[in-house]
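S.K.: What follows is each chain in one-letter form.
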Amino acid sequence: ELKVEQNPLFLSMQEGKNYTIYCNYSTTSDRLYWYRQDPGKSLESLFVLLSNGAVKQEGRLMASLDTKARLSTLHITAAVHDLSATYFCAVDRKGGDDKIIFGKGTRLHILP
Amino acid sequence: GAVVSQHPSWVICKSGTSVKIECRSLDFQATTMFWYRQFPKQSLMLMATSNEGSKATYEQGVEKDKFLINHASLTLSTLTVTSAHPEDSSFYICSANEGALNTEAFFGQGTRLTVV
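If you read the protein sequences in the order shown, they are chains X and A.
Going by this note's numbering, the first sequence opens with residue 1, and the numbers climb by one from there.
Going by this note's numbering, the second sequence opens with residue 1001, and the numbers climb by one from there.
Calculated directly from the structure, the hints in this document are not laboratory data.
One should not assume that every hint holds.
Calculated pairs, BS3-like style, for lysine-lysine (alpha carbon to alpha carbon, straight line, at most 25 Å) [said to hold, decoys possible]: (1) A:Lys1014 / A:Lys1064; (2) A:Lys1041 / X:Lys99; (3) X:Lys3 / A:Lys1064; (4) X:Lys41 / A:Lys1020; (5) X:Lys99 / A:Lys1066; (6) A:Lys1066 / A:Lys1020; (7) A:Lys1014 / X:Lys99; (8) X:Lys104 / A:Lys1014; (9) A:Lys1014 / X:Lys41.
Please work from the sequences and hints to get the whole structure.
M.R.: Set out below in structure tokens:
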């Protein structure tokens, strides 16, 4: 059974600081996703990582994937208040059925 | 990216009634769609896989007679919550993959269901 674990589950940080959210998964997968969710809203796709060593960056966010370690990271550089949200990693369950299993999410609160 | 639209965005219903939620892929065809449920401050839990032209596949613990799924066309899947109870109140989100397997998933905007 595929399990996806994120940590930390809650993070409060000051503006301007850097931090990393970690995502571990238990079995091989075709792809890994990072999503952002604002309160009361659906998911916003941030990154899709397909291969070992993949690194993608958008603004202050950078995601990486190590398929051998079954680990992905979402790094936040010089955080700003607008990045406050819940971030989910999710993994495509390998086997061709396209089912996506989500981590519990990381609630990020950035203090001005 | 592709667009997935859900309707309604929110609904309030009385206990014992049924509610239908629609999920449409607006600019692509989706042979498979997925339905998730999210309780407040929790993650998304996969409920079922909606398959065009065939029966839905439900995850363990999800009552198929309570959550009826119909995928009548390549652009529309519906989730009907039957005989709704307050504990069914939740945020329901659908997703669809564009094209063949192993493509990116796109999510609808979600439906907030409140059962009173």
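S.K.: It remains to establish, for every hint, whether it holds in the given structure.
M.R.: Hint check:
1. Of the supplied pair hints, the one linking Lys1014 (chain A) and Lys1064 (chain A) holds, its CA atoms being roughly 21 Å apart against a limit of 25 Å.
2. A hinted pair counts as satisfied when its Cα atoms are at most 25 Å apart, and Lys1041 (chain A) with Lys99 (chain X) qualifies at roughly 22 Å.
3. The straight-line distance between the Cα atoms of Lys3 (chain X) and Lys1064 (chain A) is roughly 23 Å, inside the 25 Å bound, and the hint therefore holds.
4. A threshold of 25 Å between alpha carbons decides the hint, and for Lys41 (chain X) with Lys1020 (chain A) the separation of about 20 Å falls inside it, so the pair holds.
5. Under the criterion of a C-alpha separation no larger than 25 Å, the hint pairing Lys99 (chain X) with Lys1066 (chain A) is consistent with the structure, at around 21 Å.
6. The straight-line distance between the Cα atoms of Lys1066 (chain A) and Lys1020 (chain A) is roughly 12 Å, inside the 25 Å bound, and the hint therefore holds.
7. Simply put, Lys1014 (chain A) and Lys99 (chain X) have alpha-carbon atoms about 32 Å apart, too far for the 25 Å limit, and the pair is violated.
8. Between Lys104 (chain X) and Lys1014 (chain A) the alpha-carbon distance is near 30 Å, which puts this suggested pair outside the 25 Å criterion.
9. Our distance criterion of 25 Å between C-alpha atoms is met by Lys1014 (chain A) and Lys41 (chain X), whose separation comes to about 24 Å.
The structure shown violates the earlier hints numbered 7 and 8.
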